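Q: Protein chains in written order, with the UniProt record's numbering: chain A, 1 to 403; chain B, 1 to 403; chain C, 1 to 403; chain D, 1 to 403.
If you're looking for bench data, these hints aren't it; they were derived computationally from the structure. Hints are not guaranteed to be accurate.
What the hints assert, rightly or not - When the alpha-carbon atoms are kept at most 30 Å apart in a straight line, the in silico DSBU-like pairs for lysine-lysine are as follows: (1) A:K397 / C:K65; (2) B:K321 / B:K289; (3) D:K65 / D:K54; (4) D:K51 / B:K321; (5) B:K347 / C:K294; (6) C:K289 / A:K397; (7) B:K24 / D:K397; (8) A:K397 / B:K294; (9) D:K127 / D:K54; (10) C:K321 / C:K65; (11) D:K294 / B:K397; (12) B:K347 / A:K294; (13) A:K294 / C:K397; (14) D:K328 / C:K289; (15) B:K25 / D:K294; (16) C:K347 / B:K294; (17) B:K347 / C:K321; (18) D:K321 / A:K289; (19) D:K397 / C:K328; (20) B:K397 / B:K328; (21) D:K25 / B:K397; (22) C:K54 / A:K347; (23) D:K289 / B:K321; (24) B:K65 / B:K25; (25) C:K228 / C:K321; (26) D:K328 / B:K294; (27) A:K347 / C:K51; (28) A:K397 / C:K321; (29) D:K25 / B:K294; (30) A:K289 / A:K321; (31) B:K289 / C:K294; (32) B:K24 / B:K127; (33) B:K397 / A:K294; (34) A:K347 / D:K25.
Unchecked claim - Restraint-style ranges between C-beta atoms, simulated for each label pair: (35) C:Y157 / D:S282: 52 to 58 Å; (36) B:A186 / C:A329: 31 to 37 Å; (37) A:R393 / B:S148: 57 to 63 Å.
Quantities reported herein were computed from a predicted structural model and do not represent experimental measurements. Every residue gets a Cβ at the ideal spot worked out from N, C-alpha and C, and that includes glycine.
Take a look at the letters that make up each chain.
Protein chains: 4
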Amino acid sequence: MNPSQNPPQETLNVLLERYRAFVKKELFPLDLSVVIGPFRSYLPQLQALRKEAKNLGLFAPHLPKEEGGLGLNLVQFAQVSEILGQSPIGHYVFNCNAPDIGNMELLHLFGTEAQKNTWLKPLQEGKIRSCFAMTEPEHAGSNPINMSTTATREGDYYRINGHKWFTTAADGASFTIVMAVTNPDADSPYQRASMVIVPLDNPGYRFIRNIPIMGEAGEDYMSHAEIKFEDCIVPAANLIGSEGAGFALAQERLGPGRIHHCMRWIGICERVFDLMCRRAISRELDLGKPLAEKQTIQNWIAESRAEIKASRLMVLDTAEKMQELGAKAVREDISTIKFFVADVLMKVIDRAIQIHGALGITDDTLLSFWYRHERGARIYDGPDEVHKSALARSILKSYRNDG
Amino acid sequence: MNPSQNPPQETLNVLLERYRAFVKKELFPLDLSVVIGPFRSYLPQLQALRKEAKNLGLFAPHLPKEEGGLGLNLVQFAQVSEILGQSPIGHYVFNCNAPDIGNMELLHLFGTEAQKNTWLKPLQEGKIRSCFAMTEPEHAGSNPINMSTTATREGDYYRINGHKWFTTAADGASFTIVMAVTNPDADSPYQRASMVIVPLDNPGYRFIRNIPIMGEAGEDYMSHAEIKFEDCIVPAANLIGSEGAGFALAQERLGPGRIHHCMRWIGICERVFDLMCRRAISRELDLGKPLAEKQTIQNWIAESRAEIKASRLMVLDTAEKMQELGAKAVREDISTIKFFVADVLMKVIDRAIQIHGALGITDDTLLSFWYRHERGARIYDGPDEVHKSALARSILKSYRNDG
Amino acid sequence: MNPSQNPPQETLNVLLERYRAFVKKELFPLDLSVVIGPFRSYLPQLQALRKEAKNLGLFAPHLPKEEGGLGLNLVQFAQVSEILGQSPIGHYVFNCNAPDIGNMELLHLFGTEAQKNTWLKPLQEGKIRSCFAMTEPEHAGSNPINMSTTATREGDYYRINGHKWFTTAADGASFTIVMAVTNPDADSPYQRASMVIVPLDNPGYRFIRNIPIMGEAGEDYMSHAEIKFEDCIVPAANLIGSEGAGFALAQERLGPGRIHHCMRWIGICERVFDLMCRRAISRELDLGKPLAEKQTIQNWIAESRAEIKASRLMVLDTAEKMQELGAKAVREDISTIKFFVADVLMKVIDRAIQIHGALGITDDTLLSFWYRHERGARIYDGPDEVHKSALARSILKSYRNDG
Amino acid sequence: MNPSQNPPQETLNVLLERYRAFVKKELFPLDLSVVIGPFRSYLPQLQALRKEAKNLGLFAPHLPKEEGGLGLNLVQFAQVSEILGQSPIGHYVFNCNAPDIGNMELLHLFGTEAQKNTWLKPLQEGKIRSCFAMTEPEHAGSNPINMSTTATREGDYYRINGHKWFTTAADGASFTIVMAVTNPDADSPYQRASMVIVPLDNPGYRFIRNIPIMGEAGEDYMSHAEIKFEDCIVPAANLIGSEGAGFALAQERLGPGRIHHCMRWIGICERVFDLMCRRAISRELDLGKPLAEKQTIQNWIAESRAEIKASRLMVLDTAEKMQELGAKAVREDISTIKFFVADVLMKVIDRAIQIHGALGITDDTLLSFWYRHERGARIYDGPDEVHKSALARSILKSYRNDG
């Protein structure tokens with residue numbers, strides 16, 4: 001994105017305030033109902049909100065101005081992302097939700113003009129949705145070189161066969177980007193896979209189910225599908241970038257993606273923290289004796305505040321460095337925030353539930369939704385364990401080279 | 001229960017083996033489907049299993065022999081309970097599930113002959129189900145002296161008014177025992193409430209909803225209801241024990257109740273531990289490199305094993321003392337196991353999910369069910385914080401008396 | 001301090017590099033011997049190092065240029081402080097060690113000209129040392145309004161009586177600043193105490209002992225004394241600021257003081273982290289199988305790196321705000337870093353010891369020194385519990401005011 | 001030991017009460033002074049106490065009656081050991097301290113008559129002390145097959161060369177049992193080492209130093225030495241058991257040894273817990289507001305009580321099984337208690353220090369001694385990490401065999 005167009009700090013501050021106001025006024029009163037669902041019944045309301053966001057000039061903040069966005073850089077968007085993250089429908093309403101945002105970034109950077117016109121444009125305008133098919137049930141997701149899905153070149157076409165799951169938001173999407181092995185004989189296992197666009201009305205695409213996750217299968221945007229590609233034929237022109245570039249592209253996609261996730265998690269933490277404090281002052285154990293007077297509750301509030309603050313500073317610091325030096329230079333930092341913030345997120349949610357007592361485990365607050373659906377945060381995009389090992393090995397390498 | 005009829009150790013060992021075999025053969029293949037539900041669609045199968053359990057002489061193990069049970073003492077039943085706890089339908093199939101078991105114990109000890117004939121007998125035979133209405137949404141459950149529900153004596157009747165929630169398994173139950181204030185002017189706040197039986201076909205009883213909890217409202221036995229009593233009139237003969245004895249009876253009920261819960265949790269831990277180990281040896285990160293070789297996974301397995309063992313020994317030790325000395329003598333021990341084992345339970349489940357990766361957050365294993373529905377373990381029957389404070393204050397009291 | 005004189009970023013970077021080089025070259029080879037002691041036997045070497053530091057223009061970096069320092073602002077000094085903190089003798093050699101630095105700041109801001117000439121000047125030049133007498137054995141240090149030491153005005157003198165301990169570095173110091181009650185009848189308990197300078201050759205001052213702490217009493221700069229004031233008469237002109245201003249001054253002193261401590265702790269963390277990594281790659285369990293390959297070790301390295309990074313960002317963020325808005329505006333932030341960084345410090349040290357195995361508990365590395373002498377970090381200047389409660393109450397207050 | 005001579009439960013209870021009384025009356029008033037030392041200056045007092053213990057028939061409780069002991073079995077001795085562990089001089093005064101107790105067990109089971117007469121008898125009578133030389137500075141202690149010390153057979157003698165450290169209590173001991181490689185070419189690395197007795201007046205034995213550990217080198221019984229064997233010639237008759245049996249014997253020695261350690265740690269926990277509670281009720285933050293009213297303090301007391309209880313039940317359970325089935329059958333249990341109890345120990349000590357505030361880090365209570373000298377508990381006899389891996393691998397093995 002063109003850095004010259006990034007708004008100056010003052011403009012950004014005004015923008016952030018407007019996002020805050022919108023989220024509080026329009027999304028907070030609605031979001032609990034939407035997550036209870038069914039999601040599709042809320043689509044008209046959500047479309048209306050998207051329209052309003054567009055009218056207010058707040059839509060798709062991550063896009064360059066000429067593509068209908070606000071031209072925010074990574075650090076600026078991160079701050080918006082925290083605000084939107086406070087509501088489970090925040091990113092969706094502003095059309096900067098995963099996996100669409102990652103797909104937009106990918107097509108923006110590496111798509112052909114034709115791909116941009118066909119897929120990127122309607123995506124940016126919020127007219128269609130998309131998904132990203134990488135994880136396979138038969139292989140540990142954390143090791144992307146183990147992949148069975150293949151895309152075999154046959155003349156001007158690819159024939160795709162494979163089995164994917166956790167394809168977020170496939171239900172209702174118009175196309176998916178699929179990761180598939182095109183070059184099984186490449187020397188490096190990191191140069192065997194490619195990314196190919198598959199329109200979901202393709203007869204070779206089969207939607208199996210929305211996977212029941214933590215008590216509900218969800219639907220539409222709020223779902224994670226299991227899908228199959230069975231002799232699914234797509235034009236070779238649907239290849240993104242070059243053959244064998246799949247992992248390189250995935251890395252490009254995951255770098256900012258993890259910043260986005262982390263800032264969204266921090267947004268969740270802030271909303272949860274707010275619920276925690278409100279409950280603490282309003283719930284009385286004895287007449288006139290609110291929970292807030294209990295030292296254990298105070299400990300949790302203090303620890304949560306400290307950990308959220310640490311998280312935010314680390315993610316913004318990483319975003320700043322990534323913006324300046326590129327994704328590769330901040331691989332250690334990305335691993336660091338991935339496991340650190342995911343851990344903070346789950347701890348903050350857990351404390352809030354405990355403070356809410358029986359109410360905390362009901363679906364009468366958002367806590368239950370996040371407790372269930374963010375448990376995955378410690379798993380997706382690389383489980384804690386993988387990121388910790390990667391970070392440590394990278395650090396230790398410098399010691400070894402040191403002699 | 002009559003201690004003379006407790007089976008000797010050898011007989012018990014045979015019994016335990018039979019329970020283990022039944023649970024493994026009959027319940028493990030079914031239970032995941034049942035918790036996915038809808039529960040009522042599985043009632044025929046579950047009734048058939050109950051019948052089989054009866055035929056095998058394994059039904060209602062906690063009951064005295066003359067009432068159709070096995071005459072197990074607390075320690076012996078605790079060992080059965082761990083085995084049944086390995087399946088979410090274990091206690092139900094053997095008719096020793098909460099809240100029925102607590103109601104049976106209560107009526108057995110304190111019910112009149114008429115109450116026993118009308119309510120206890122069909123309960124013991126598994127012909128009806130019951131529930132227990134104590135917690136109120138307006139009051140913190142951990143402080144039972146704050147209660148708004150009233151049962152006002154009017155001649156030979158009580159007029160009951162109040163609002164309860166987390167009335168487990170009310171949906172489909174035949175009667176509830178309700179805790180209500182009968183003596184608002186009693187000197188001690190602990191002598192104001194009483195327990196009264198209310199048949200659920202009473203016109204003054206209103207079922208509001210099965211509370212959506214962690215993503216699902218459930219139904220029948222697997223549900224927690226919000227209910228109301230609106231000028232609900234019941235005969236004075238439905239009083240259990242004497243007026244004002246509600247808290248004393250609740251304590252009697254909760255003592256063994258917490259042993260039951262803890263042993264059930266340990267059962268869950270064992271099943272989860274088993275899933276964890278199976279996953280560790282079968283999930284390969286690289287060809288021939290199972291998760292089990294990762295030291296982090298080994299740490300979790302070792303820590304889980306240690307904590308489960310510690311839990312079991314403490315619960316059995318407490319059961320033994322309670323059996324010998326009564327519930328009052330083991331109040332410190334009860335608080336200890338309540339918070340200790342609930343904590344272990346959640347840690348073990350959490351580790352198992354992490355080891356399962358993406359699969360762990362789906363509903364394709366039991367982990368998701370327990371992660372969601374046992375989060376309440378740290379809250380119900382007194383949250384961790386209340387038990388810790390109670391234990392510490394009791395310990396410190398002896399120091400103060402000491403001078 | 002005069003902000004106009006703060007060196008620009010480029011100059012600072014050069015300075016930091018010079019500090020790093022000095023510490024590594026001159027202090028690392030010496031510091032383990034010094035902490036083993038006896039400290040006094042190393043004074044000649046330490047004085048030589050101080051002289052060298054002066055010659056290199058690196059001495060007393062916190063002081064304004066006109067007073068012989070480098071004119072660093074709080075954020076800049078914080079970065080120097082982290083570097084010096086990597087060695088237990090770092091701050092001492094550069095004359096910016098507690099408690100002298102706090103006393104310098106106090107006298108600089110609130111001392112009379114006479115006090116500055118008599119006490120501040122030789123302190124800045126490193127010719128004398130000082131101490132600060134606040135904590136009393138009879139009262140919990142975290143509640144400073146409970147204090148028994150009195151300074152009674154008698155004409156032009158104060159008569160001081162009282163018992164203090166943890167008076168750091170009293171052994172060998174030339175004067176102490178003592179906190180004593182001068183106005184016992186003041187309305188607010190926070191306006192009863194004052195700060196008075198007491199030269200330690202005063203006959204009413206009694207040095208009782210260097211308190212044996214964690215296995216050693218230490219001596220000189222590396223010690224914490226128990227002392228008494230017995231009809232200790234000092235001129236009224238030794239009062240700092242006004243009568244009753246003791247607590248206000250102490251707050252002024254403690255604000256930057258906690259920044260200094262936190263940055264020093266981060267310095268320790270970095271040195272310890274370095275030891276941890278070196279051990280991990282050099283210690284072999286089997287031939288060619290270094291500890292570094294163990295995932296548990298990797299976890300500790302990764303978690304330590306993440307926590308140290310979080311600590312640094314939070315402390316620098318707090319320093320920046322304090323610099324801009326004053327100490328009062330960052331009271332929540334100060335509490336946050338105090339408990340957060342102290343906790344990180346102890347965790348990092350503990351992991352390093354475990355990685356070192358038996359060697360880690362010997363005095364053959366610095367780990368034992370820090371494990372023992374930094375355990376106090378979670379206690380002095382307010383224990384964790386006090387800061388957590390303070391932070392939470394401050395946060396919750398805003399919620400209450402909110403309605 | 002002859003089980004027929006184990007005292008019945010009633011006798012044991014009386015015995016335990018007598019130990020408790022002795023420890024409280026004779027050791028508690030003295031032990032803090034002894035650990036501050038110098039140890040040798042207390043030898044006369046300690047000898048007098050040993051004599052008194054003998055007179056009371058409480059000496060060497062682990063020994064068979066015919067050898068001057070009480071004929072306690074493992075479970076019974078474990079209970080005594082907990083009581084003695086409450087004082088750092090408890091086991092010493094009753095002559096059942098490590099490493100002597102392990103050496104006595106070894107010589108009792110595997111010594112020749114001559115060895116028993118020369119070494120075991122005076123040891124049992126408390127006339128001499130001994131030590132055990134296994135760990136080497138050049139090798140990770142947790143992998144005992146890496147060992148450089150050799151004992152080369154030359155006719156009727158062994159020539160021993162090697163470097164050992166952490167040879168507990170070598171200072172002042174009369175002999176050591178040394179682990180050395182005698183059969184470097186044995187097929188199994190576990191059959192290369194042997195145990196040989198070396199009298200410490202042997203000219204080939206060199207005492208290098210008492211290793212400074214956590215701030216003090218200690219002396220006599222309270223020390224850990226670094227030693228060397230330099231062409232140290234001893235008669236072949238000093239071999240214990242057969243050549244190559246070193247590891248097998250070490251396992252025999254370590255099994256009960258870990259039970260002893262764990263029970264001693266539980267004793268420490270109980271003393272520390274007592275200090276914690278006393279401090280909580282006596283330390284006032286405000287007038288009439290003791291620490292004990294703070295919920296954080298209550299949490300720590302409750303958690304400590306729970307964890308200590310869990311520890312005791314697990315260790316006694318393991319002792320019981322070991323007694324019945326032998327050390328090999330309880331290898332998993334031994335690993336479990338080793339890491340579980342060591343962790344509890346350090347947590348309990350840490351909480352107690354925090355509750356004591358500044359006093360907690362001084363040497364004015366026993367907390368500092370245990371905080372420092374028991375940090376090794378998580379390292380010696382196998383660090384946590386080794387035991388966790390061993391336990392997990394053993395568990396997972398059964399799954400693999402299962403298919």
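Q: Are the hints correct? Go through all of them and say.
A: Evaluation of the provided hints:
no.	hint	verdict
1	A:K397 / C:K65	violated, 42 Å
2	B:K321 / B:K289	violated, 47 Å
3	D:K65 / D:K54	holds, 13 Å
4	D:K51 / B:K321	violated, 39 Å
5	B:K347 / C:K294	holds, 23 Å
6	C:K289 / A:K397	holds, 15 Å
7	B:K24 / D:K397	holds, 21 Å
8	A:K397 / B:K294	holds, 20 Å
9	D:K127 / D:K54	holds, 13 Å
10	C:K321 / C:K65	holds, 23 Å
11	D:K294 / B:K397	holds, 14 Å
12	B:K347 / A:K294	holds, 24 Å
13	A:K294 / C:K397	holds, 14 Å
14	D:K328 / C:K289	holds, 28 Å
15	B:K25 / D:K294	violated, 51 Å
16	C:K347 / B:K294	holds, 23 Å
17	B:K347 / C:K321	violated, 39 Å
18	D:K321 / A:K289	violated, 50 Å
19	D:K397 / C:K328	violated, 60 Å
20	B:K397 / B:K328	holds, 16 Å
21	D:K25 / B:K397	holds, 24 Å
22	C:K54 / A:K347	violated, 49 Å
23	D:K289 / B:K321	violated, 35 Å
24	B:K65 / B:K25	holds, 26 Å
25	C:K228 / C:K321	violated, 39 Å
26	D:K328 / B:K294	holds, 26 Å
27	A:K347 / C:K51	violated, 50 Å
28	A:K397 / C:K321	violated, 36 Å
29	D:K25 / B:K294	violated, 51 Å
30	A:K289 / A:K321	violated, 47 Å
31	B:K289 / C:K294	holds, 15 Å
32	B:K24 / B:K127	holds, 25 Å
33	B:K397 / A:K294	holds, 20 Å
34	A:K347 / D:K25	violated, 47 Å
35	C:Y157 / D:S282: 52 to 58 Å	violated, 37 Å
36	B:A186 / C:A329: 31 to 37 Å	violated, 53 Å
37	A:R393 / B:S148: 57 to 63 Å	holds, 60 Å
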